[in-house]
Amino acid sequence: MSEYAEKIRGIAKKLLDDGTVDMVIGFRKGTMPLINEPCFVKDAAKVDALVWDSSCGVNLANYLPKRKEKIGVVAKGCDSRNIVTHIVENQITREQLYIIGVPCTGMVDRRKIRLAVGKEILSVSEADGKITVTGDGYEEVLDKQEMLQDNCAICIHRNPVISDEVIADPVEEQTDVDRYADVKAVEAMDPEARWNHFEQLLDGCIRCYACRNACPLCYCPTCFVDESQPQWVGKSVDKTDTRTFHFLRAYHCAGRCTDCGACERACPVGIPVRQFTKKLEKDCKELFDWEAGMSLDVRPPLDTYRPEDPDEFIK
Amino acid sequence: MRVIKIDKKDWESGVEKLSGDYSLYGPVKQGAFHNFAPLEKGQMPDLDYVNTRLSPKSVVYPQCETMFEYTLDENQPDHHVNKEIPKDYSPRAILGIRPCDVKAIDLVNINFDNPQYQDPWWVQRRAALTTVALACNNPCSTCFCTTAGTGPFDDSSADVLLADMGDYYLAKVMTEKGEALVGKAGFDQDGSAEAGAIDDAAKAAEAKITSKIETGKLGDKVTTELYDADFWEDIAFACINCGTCTYLCPTCWCFDIQDEVQGSDGCRMRNWDTCMSALFTLHGTGHNPRPNKTARVRQRFMHKLKYYVDKYENGIACVGCGRCVQQCPVNIDIRRVCDLMNRFEPGKECA
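Taken in sequence, the protein lines are chains A and B. Following the UniProt record's numbering, the numbering of the first sequence begins with 1 at its first residue and continues without gaps. Following the UniProt record's numbering, the numbering of the second sequence begins with 1 at its first residue and continues without gaps.
Just so you know, the hints here were simulated from the structure itself, not pulled from any lab data. Fair warning: this is a prediction, and the values are worked out from it, not measured in the lab. Certain hints may be false.
Claimed, not checked - Derived SDA-like pairs (lysine to any residue); straight-line CA-CA distance at most 25 Å: (1) A:LYS119 to B:GLY166; (2) A:LYS46 to B:ARG343; (3) B:LYS41 to B:ASP164; (4) A:LYS239 to B:SER264; (5) A:LYS119 to B:PRO289; (6) B:LYS29 to A:GLU199; (7) A:LYS70 to A:THR31; (8) A:LYS13 to B:PHE231; (9) A:LYS29 to B:ASP230; (10) B:LYS184 to B:LYS208; (11) B:LYS184 to B:ARG2; (12) A:LYS239 to B:SER13; (13) A:LYS42 to B:SER13; (14) A:LYS112 to A:ARG28; (15) B:LYS306 to B:LYS348; (16) A:LYS130 to A:VAL117; (17) B:LYS306 to B:PRO289; (18) A:LYS239 to B:PRO62; (19) B:LYS212 to B:ARG343; (20) B:LYS41 to B:SER13.
Next comes chain A alone, as it looks inside the complex (with noise of 0.2 Å):
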């Protein structure tokens, strides 16, 4: 992994040296283990700050939209997809940005580390496929495949999609994951349960509004739960308002989200947010063979119509 840091320091120096960006958005070291802050550089000597391991969940795609400057961006394959998806959406242009991709073997779960370890970690290093937490007086080797974030496990596009360069050779692509074992279990229940696991998903939503926000596709000047004239939803935690809150904010996301997973990777109550966009993810697949952000040139399902569009669903 320091191979991969010393790389996009690298590139990043030579960027902003020779002029062609005025930024590298990239990450810094975390104040904790197991999280990296996203930040910026803009002098060439400052470069070192940059770091890359399997604690850069974070999707720098998010940090795009609305800029005037030209920028270097470090982007996993999710980033990358996001990144599409912005320009296809008119939220920053191809020709400002200089995508610095990185073939990406999943980030980690901070959350799923520390309850395994159910001890507090004070540092945290991994090679080969493993991750080493050490703490007060103990030291624990975790699998990393295991520790993934949800998403990262079942990702089937870790290689950037779109880049200027690749820091590294590309890394294999999962074939054997079954993306939507979750949803068809849904899918499966009678109303009465769905309607339960709904509610049990959302319990202890606190309306702080971290998934929103996280999230790239969220960059909307005023959210619709902001709107004050009319005021569409209620700011208090009452369950009708959470549940149009986080159902609305799917459907805004339908044929756009990648499973990046940021919404989850937000959450300060470990709600499993991407529950309420997976099912969509996956009726865009099926119908429209579509996956969000894999190009520049096809414009998505939810914004083009065809004569062949299936209509089955319209009765």
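Add chain B to chain A, keeping to what the hints say.
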């Protein structure tokens, strides 16, 4: 203050005796983490925890509460009149609250109960509250309470402070409310002979706190210079302006007032608000004096570490619980920001 000893085998029966006189709250495991919740009859607080995900401030200051109800039906004689709704002010006790979180309730009190304003609901709920704090023998690496005006054995705010000594607790009974509670629980074994053990445990716990902040120079900074410091853009860059830090914080006290109407029935509620949201300062004209995230991030830290310091001259508006540090989705760390603010010299780069 006196010290009593509570054998752990007597703890549960004592707690059960309390449930007739108090609504009890305590740490409860909810999925992967602990939160404070009302304890059902016979339910024990789970004291095997380090810190709760959400702070216990909601026991005295709920995230959402209805203040008034009214009718818009003009056939009713009292239409358009806000009527205060009755609330429960019966005695309540939080068992196992951490010393930093009790300190935070005192800190928030400055906002809700002062010579200028007395918030009736806060004042009455706080008056009804007895706190039984549990000292921290094993603080975690993100705890910086000892440099934030409190500490793992701070007894200055709690009614009772429990120190876990293995097979038993030593309890410092600090107030009359505390005396009343231990009396009702039937805890009366003299522990004064072992009082020194609490001090030893406190020293040991304080020594385990590795995370420290420097705040000594904050008061002397020129507010406008700090406001214009060069580091805010760098600090704020990663921020996504969610409300995680403010909602988890035990000392964030800001609220929003909302009217909700269904048909002709309306209510006026108070909800926690967050200075991270653009709506927090959006004017009716559409103008927003804090128009971007850098301004909002700066406000949060300036409020906690500068405006409060200057206004009240009793330290910072933070008790060092570390919740915002642990749960910020993008790792914005108040300890780092405090360090930058405290070291700040105009004209010198310190980012």
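Which earlier hints turn out false for this structure, listed by number in ascending order?
Checked against the structure, the hints that fail are numbers 5, 7, 10, 12 and 13, while the rest are satisfied.
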